Amino acid sequence: MTLWLMAGLLFTPLAWAVLTLLTDFVWGRRVTWVGILVQVFVSLGLWLTIAQNGGFYYDLGGWGAPLGIELRVDGLAVTFVLLTAAVASACGLHAGVYIDRHKPWHRYFWPLFWFLWSGLNAVWLGGDLFNLYVGLELISLSAVGLVALGGNANALRASVRYLLAALLGSLAYLLGVALIYGQFGTLSIAGVVAWLDNHSAPAGPGLALALMITGLALKTALFPLHRWLPPAHGIAKSPVSALLSALVVKASFYIAARLWLAFGESLGSLAAAQMVGLLGGAAVVWGSWLACKQAQLKQVVAYSSVAQIGYLFLLFPLTYSVSESISLQAQQGITLQVISHALAKAAMFLAAGNLILSVGSSRVDALAGVSRFLPFSLFSFGLAGVSLMSLPPSGGFAAKWLLLQASLGSGQWWWALVLLAGGLLSAAYLFRVYRASFAENPETDRFFHPSKSLEIIPMVLALMALGLEFVSEQVLSVMALPFAEEGAP
Amino acid sequence: MTLSLLYAMAGAALCGIGLFGLLRLSHLLRRLLAFNIMGSGVFLIMVGLPQHQSGPDPVPQALVLTGIVVAIAATALAVVLIRRYYHQSGMTSLEGESGSREGGPL
Numbered sequence: 001m002t003l004w005l006m007a008g009l010l011f012t013p014l015a016w017a018v019l020t021l022l023t024d025f026v027w028g029r030r031v032t033w034v035g036i037l038v039q040v041f042v043s044l045g046l047w048l049t050i051a052q053n054g055g056f057y058y059d060l061g062g063w064g065a066p067l068g069i070e071l072r073v074d075g076l077a078v079t080f081v082l083l084t085a086a087v088a089s090a091c092g093l094h095a096g097v098y099i100d101r102h103k104p105w106h107r108y109f110w111p112l113f114w115f116l117w118s119g120l121n122a123v124w125l126g127g128d129l130f131n132l133y134v135g136l137e138l139i140s141l142s143a144v145g146l147v148a149l150g151g152n153a154n155a156l157r158a159s160v161r162y163l164l165a166a167l168l169g170s171l172a173y174l175l176g177v178a179l180i181y182g183q184f185g186t187l188s189i190a191g192v193v194a195w196l197d198n199h200s201a202p203a204g205p206g207l208a209l210a211l212m213i214t215g216l217a218l219k220t221a222l223f224p225l226h227r228w229l230p231p232a233h234g235i236a237k238s239p240v241s242a243l244l245s246a247l248v249v250k251a252s253f254y255i256a257a258r259l260w261l262a263f264g265e266s267l268g269s270l271a272a273a274q275m276v277g278l279l280g281g282a283a284v285v286w287g288s289w290l291a292c293k294q295a296q297l298k299q300v301v302a303y304s305s306v307a308q309i310g311y312l313f314l315l316f317p318l319t320y321s322v323s324e325s326i327s328l329q330a331q332q333g334i335t336l337q338v339i340s341h342a343l344a345k346a347a348m349f350l351a352a353g354n355l356i357l358s359v360g361s362s363r364v365d366a367l368a369g370v371s372r373f374l375p376f377s378l379f380s381f382g383l384a385g386v387s388l389m390s391l392p393p394s395g396g397f398a399a400k401w402l403l404l405q406a407s408l409g410s411g412q413w414w415w416a417l418v419l420l421a422g423g424l425l426s427a428a429y430l431f432r433v434y435r436a437s438f439a440e441n442p443e444t445d446r447f448f449h450p451s452k453s454l455e456i457i458p459m460v461l462a463l464m465a466l467g468l469e470f471v472s473e474q475v476l477s478v479m480a481l482p483f484a485e486e487g488a489p
Numbered sequence: 001m002t003l004s005l006l007y008a009m010a011g012a013a014l015c016g017i018g019l020f021g022l023l024r025l026s027h028l029l030r031r032l033l034a035f036n037i038m039g040s041g042v043f044l045i046m047v048g049l050p051q052h053q054s055g056p057d058p059v060p061q062a063l064v065l066t067g068i069v070v071a072i073a074a075t076a077l078a079v080v081l082i083r084r085y086y087h088q089s090g091m092t093s094l095e096g097e098s099g100s101r102e103g104g105p106l
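Protein sequences, first through last, are from chains B and P. Count the first sequence with the working numbering and you get residues 1 to 489, in order. Count the second sequence with the working numbering and you get residues 1 to 106, in order.
It should be emphasised that the hints constitute simulated quantities derived from the structure, not laboratory data. What you are looking at is a predicted structure, and each value in this text was computed from that prediction instead of being measured. Glycine residues also receive a C-beta, built at the ideal position from the N, C-alpha and C atoms. Be a bit skeptical, because a hint or two may be false.
[To be verified] Computed, partial: chain B to chain P, Cβ under 10 Å: (1) Asn152; (2) Arg161; (3) Ser170; (4) Ala172; (5) Leu175; (6) Ala178; (7) Leu187; (8) Leu419; (9) Leu420; (10) Leu424.
Using the sequences and the hints given, assemble the complete structure.
Right, here's the structure in full:
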């Protein structure tokens, strides 16, 4: 049973990528519907299996490490697999209606979409450093292709800039991997941890960890390495922006977090942890401030991503040399933040796409009067905003509450200030959008009405982000699931 | 100082050259070449650094083969995008852009 689920999870996206390469846009859409159904079913099945039996290591095709690919299937990984299934299917369904099928190059959306999905699954489940690199590259290359789908000079400029940043980040990560292999002679994360448990930490690999984290921070767009993100996420088509903001930046953060939690205690230092946290805090403030000043609606949402990514990096100081329970609290808070931001930001980008489609302009001040014509999409935008502002009841609130407790519990009260300032600033940039949409403009009273399915999808995602608060206990309980260590190298 | 350590040193030097080019050059094709030089540097470090008593280690060589495939794919994508960008805008660098400057009015 598990074997079939794993095979389905890894094989379907790749097979569908090849299949959709052969079809036109409309057929690609039909084929994709089937694929989404399979993926959702398989992800849900795997999640239930893990929740029942605990996690395990899985050797792909029966080939063990170091030459084979070893996957680590644990509670956190399957939670993110399930999150990917939810967000990606929403974006896929939305894109099928949203993207103009008359432009011939738009049919490449489907293969890129499926390659992206397979890369994401590979990263969530990856157990060794090099396969994580391959997964990351698969994600980056398909994400760049999706940004370039716009076809005009601005979209191409944004995608070239994104590609160069992503490649530099990958090379820094790969250099770190080379140094780790040179030192420890193994690529498996568990193998390196086992080595570190038996020996005292040498001086060299600290540099390797720093290189890998820096590369991943560049790919996650941590301040001040964030400048490639707003153009790319702002100019891509709305379902693509939703995929990029919700899932793609989370993949590189997930690897950075896994590395830090595995090696940080022995290879990291207090100064490095505080430094990363400080950059995260600066991202929250600076990203929110710039979001307040953007004239384009999607740029507001993109800079909001820069700010929300900043919260994630508070994981580094909040888990370094603190007690076990506080570290767990911080990890849980960050996990909830990843999930709630993924759902809320996907909802927000999709709703913003509907609003732009409706008023025919991407400027914030062009939204005047839209509240009377498109209240449903505006309501989805608002509900997603509730989670981003971390008001109760929402997944964002539950996440910030855990982070607040962790920062006060570990005596690092200054991170609590960041959390408060971030909440207030996010309210500022979101209310600016609402104010513009509730303003009355006598000159424009003609609005385009997008189809109902376009409006329902962001609403579902926004409601999921809100509902996360009520199921956070169950979501977090899978992280503590037993993990069978047999098969570990 | 063994021969393979010399490879690793050369790799580190290539990485430095590539990084400098990637950050300081503006012509997109040159930046792409700089990326490739940096990538070759990383691969050299990868095969040169693991030292064994019993001859060369096969695992890094397998990794580098995969890495080369990834680098070729990335380079091909970048060349296509740069060419298309040049046809659309007539520019060979990312400079001179308005509208994505931070903070400023759009």
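Here is what the structure says about each hint:
no. : hint   : verdict
1   : Asn152 : holds, 7 Å
2   : Arg161 : holds, 6 Å
3   : Ser170 : holds, 8 Å
4   : Ala172 : holds, 9 Å
5   : Leu175 : holds, 5 Å
6   : Ala178 : holds, 4 Å
7   : Leu187 : holds, 8 Å
8   : Leu419 : violated, 24 Å
9   : Leu420 : violated, 23 Å
10  : Leu424 : violated, 19 Å
Checked against the numbered hints above, the structure violates hints 8, 9 and 10; every other hint is satisfied.
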